[in-house]
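Starting from the two chains in their separate frames, assemble the complex, guided by the hints.
Chains A and B are the protein sequences, given in the same order.
Take the first sequence: its letter number 217 is residue 1166 in this note's numbering, and every next letter is one higher.
Take the second sequence: its letter number 116 is residue 117 in this note's numbering, and every next letter is one higher.
Be aware that one or more of the hints could be misleading.
As the list claims (entries may be wrong) - Pairwise CB distance ranges (calculated):
{"id": "1", "chain 1": "A", "residue 1": "1283", "chain 2": "B", "residue 2": "45", "range": "40 to 46 Å"}
{"id": "2", "chain 1": "B", "residue 1": "45", "chain 2": "A", "residue 2": "1206", "range": "41 to 47 Å"}
{"id": "3", "chain 1": "B", "residue 1": "134", "chain 2": "A", "residue 2": "1113", "range": "43 to 49 Å"}
Stated by the list, open to error - Lysine-lysine pairs mimicking PhoX-like chemistry, simulated, CA-CA at most 20 Å apart:
{"id": "4", "chain 1": "B", "residue 1": "24", "chain 2": "A", "residue 2": "1354"}
{"id": "5", "chain 1": "A", "residue 1": "1307", "chain 2": "B", "residue 2": "106"}
{"id": "6", "chain 1": "A", "residue 1": "1163", "chain 2": "A", "residue 2": "1283"}
Hints were generated in silico from the structure; no laboratory data involved.
We put the beta carbon where it would ideally sit given N, CA and C, even for glycine.
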Amino acid sequence: MKDTTQSRIAVQDIRSQFPILTQKVNGRDLIYFDNAATSQKPLIVIDKIKNYYEKENANIHRGVHSLSQEATTAYEQARQKISSYLNAKSDSEIIFTKGTTDGINLIASSFGELLSPGDEIIISAMEHHSNIVPWQLLESRKKIKLKVVPIHKSGEIDLNAFEKLLNEKTKLVSITHISNSLGIINPINEIIRKSHLVGAKVLIDGAQSIQHEKIDLQELNCDFFVFSGHKVYGPTGVGVLYGKSELLNIMPPYQGGGDMIEKVSFEKTTFNVLPFKFEAGTPNIVGGIALGTAFDFIDSLNFEQCQVHELELLRYAEAQLNAIPTIKIFGTSKNKTSVISFNVGDIHPFDIGTLLDKQGVAVRTGHHCTQPIMDFYQIPGTIRVSFSIYNTKGEIDLFVAALNKSIQILS
Amino acid sequence: MNYIEKQNAIIEDFSLFDDWMEKYELIIDLGKEIEMIPSQDKRDEQLIEGCQSRVWLKSNYKDGKMFYFADSDAIITKGIISLLIKVMNGEEPKTIAKEDLFFIKEIGLQEHLSPTRANGLVEMVKRMKLDAIKHY
Chain A
950 MKDTTQSRIA VQDIRSQFPI LTQKVNGRDL IYFDNAATSQ KPLIVIDKIK NYYEKENANI
1010 HRGVHSLSQE ATTAYEQARQ KISSYLNAKS DSEIIFTKGT TDGINLIASS FGELLSPGDE
1070 IIISAMEHHS NIVPWQLLES RKKIKLKVVP IHKSGEIDLN AFEKLLNEKT KLVSITHISN
1130 SLGIINPINE IIRKSHLVGA KVLIDGAQSI QHEKIDLQEL NCDFFVFSGH KVYGPTGVGV
1190 LYGKSELLNI MPPYQGGGDM IEKVSFEKTT FNVLPFKFEA GTPNIVGGIA LGTAFDFIDS
1250 LNFEQCQVHE LELLRYAEAQ LNAIPTIKIF GTSKNKTSVI SFNVGDIHPF DIGTLLDKQG
1310 VAVRTGHHCT QPIMDFYQIP GTIRVSFSIY NTKGEIDLFV AALNKSIQIL S
Chain B
2 MNYIEKQNAI IEDFSLFDDW MEKYELIIDL GKEIEMIPSQ DKRDEQLIEG CQSRVWLKSN
62 YKDGKMFYFA DSDAIITKGI ISLLIKVMNG EEPKTIAKED LFFIKEIGLQ EHLSPTRANG
122 LVEMVKRMKL DAIKHY
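Isolated chain B, as found in the complex (with noise of 0.2 Å):
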């Protein structure tokens, strides 16, 4: 799946649910699998403080690709990380330094992406697509 393949699944994968306690029970059922970064590799330069939750990142480049490792204190907040790692895992730079991440809007997510919002992931998707450009 491409970029925007993979953005529209996530989305039927919501629209199944019209409660928004269902929707978040996906995500937290999502943040529990995320792929964490070691204890001991949750280094300051991975932190992301924010005023609710923190956030770690790690990025790989290889062979032209792009790999996130994350984590976060808070499970809603490593769900939505788990989402955001699921589509941008293995896509070139140059997607995910110019592509729409449409489906967080779409799936009615946007207020945890909001700059008020000071739960950190602002930020990381700021920083996973600057590690991007670094690559492109």
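Next up, chain A with everything else stripped away, as it sits in the complex (with noise of 0.2 Å):
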């Protein structure tokens, strides 16, 4: 497809990296514009992931052969690399878990049994679904109440709002940096900031964002973040929670099992140090080891230019979809990620998400797991485009051609 893109990236070169993108579906080119819900993996980190099942596979931690102290230095190298790419203050604050709703449930587990009855926990309203369910389980669970700040019609977080729902008996503020339904980016900064004045902690959704903006967990002075893998050119049933780590020992183990203890006897059973006292069982080895691999995939990109990339072609997508009369496109701030999503007329978002996967072209249609902002807008769901750093104007300008042919099949 023809790069006609003014950042300075080559999206060829990128693009000849991730092999899936030279499938055929239903005998077209693959335009793959579902990027949120998943992104394609570089052919670094599948060979990875061959490699060690066919050169390195052995189970970590306490094997005393020469393969499980390998596997081990790879997975423990992956922590340490995923921890310097975040600029965390130590490895031992970077948890593995399944993911981000693994991570979110972690805390809410564990962190949750810090709480009392009567206190309270900030959420927003343009949440995804694993930022709501986790908190409403821990409400009926210790009695804690949740308060939900609203947005704005543009889909912006309502801060005025959010502050007079900040007060001492707030114990944590659990946001998203980036909405996964509308890709609006939060001013997360200014909510940590203020939630600290009253003494609560932060948990940032990092789904969304670990793949479009350079995270300094130092800098940004949150108290948990979490993400997983398979945004992130990594695996799919791997992720990261980061939290602070006078923290994390504070807070009582999650799942017991294998290498989280320290010791164990039926009179008393004493547990493991961070990061393992949060990692029973054997975890995802390879999606580990992989997820470390996909960082360096990142590492060899100049992040800047691609999110430069991005914004391209957010704009571009944006002005060519406006162009189409009866297009309504929700989240209308400025702030956004490479994120679109957007009714047409009276037409149901599943029938064109039918036609357009017909013509090659890969969006999610639906809620989005958000079905909050859905009944905000009082609509059944949206058509999602997500874009990711391989795609191009030219996939964009044919994605646009099978949408108004869409239109007109369904008009």
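Right under this line is the structure:
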């Protein structure tokens, strides 16, 4: 596909590292615009996984044999790599999880144990169900109160309402960095600073930001940060929970099992140090190692130029979509990542999504696991296109043509 | 036409098109002709919630035969419903409960009836069959 972007990245070189992009779907060239759901994987990550099972596979920690030691080293090196990429204070603050959902559930269960009836947790109206339901479960378990910050029609968070909700009972503010359904970037620096003023801890859901924003955890100063590996060019089934060590140390273990213990007896069991205290059982070893490789891949890119490229794709697609009179875009903030959620007149998103698929364009339709946002806009769902570094303006042209054809058939 | 012949007729209709978009244009046209449930009759007990689209289904049993009325908020779903109704309407409960709906796979629409699709259609077919079983 022709690269006509202004940013100084070689899109064709990047594309050539993603084998899946040469696939045909329904007889057409694949146009993959569902990157907010999951990113595609570069060859370096795929090869790492293959190589691990062919040459390195062994269970980690405690094995005396060479393979086990090598696998342990590779796994712990991946942790160090991720820790250094995110600028955590210590490697032990990086806990491997199954993904963002797992990370939030860990905090809800473990940090939640430190809460008392009447304590308050604040989330926003734009959260993914994964950042709503664990807190609702905690609400009924611990009799805490869950408060929801409303959003404006533009999709932006209502900061005045947020400040009014903050008080000395607020123990945790759990907010998404970037809305998965609208693409809006939240002012998390301000949210973190204001939350800390009342003594509340802050959890940032980084599922949609880790691939688009450079994260510096010490500068950000959030208390917890969670993300999924598969959205950042890594494999599925692995993710990261970052927590400040002083918090993780006072939190009780989440799950019991191997690896997380120091000593087990029927009289008294003591727990391992961080990060192992929160990593019960054999972890997703290959997942952790390959996630480290995914960050090697990112390091090989010019991240700032990739951001410019993604922003150009966003602006280009927005302009093209806005030229179609019946299109309504949801989430109209200027501060957005490369995600566009929209509807076409009264046409059901499912119908558009199905016809786009038949023309080789992969988009997401539905409520995007954010039903409260759909209720807010009183719509059944949206069509969401989300771009990654390997997408091109040429693909956007083909998508818009396919969209126009779908609209014509459905009208 | 019997149950099998009706299904074969649909397969023949669809065999005229090689292109997916043309097949879908036919489904969309069918969706526009479906006999809908009047909105005052769209009660919760007739609603089948899907993750992607919603479906309403009403079954009638008359003179030993089954008759269905259905609607959906998505037109492609509606078109597929219309095909199902074409085949199943006026059939004996025993036929609906026992005979295979082979045309769906033959015309390449099985993806819409896979449990992971979550568009309400799988549940709808199940409910159409269960309603038939009540009279069988």
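Hints, verified against the model:
Separated by about 41 Å at the C-beta atoms, residue 1283 of chain A and residue 45 of chain B satisfy the suggested range of 40 to 46 Å. For the pair residue 45 of chain B and residue 1206 of chain A, the beta carbons lie near 44 Å from each other, so the given range of 41 to 47 Å is met. Checked against the given bound of 43 to 49 Å, the beta carbons of residue 134 of chain B and residue 1113 of chain A, roughly 56 Å apart, lie outside it. Straight-line distance between C-alpha atoms of residue 24 of chain B and residue 1354 of chain A comes to about 14 Å, which keeps the hinted pair within the 20 Å bound.
Pair hint residue 1307 of chain A plus residue 106 of chain B holds up; C-alpha atoms about 17 Å apart against a cutoff of 20 Å. Straight-line distance between C-alpha atoms of residue 1163 of chain A and residue 1283 of chain A comes to about 19 Å, which keeps the hinted pair within the 20 Å bound.
Figure legend: structure checked against the earlier numbered hints; the only hint not met is number 3.
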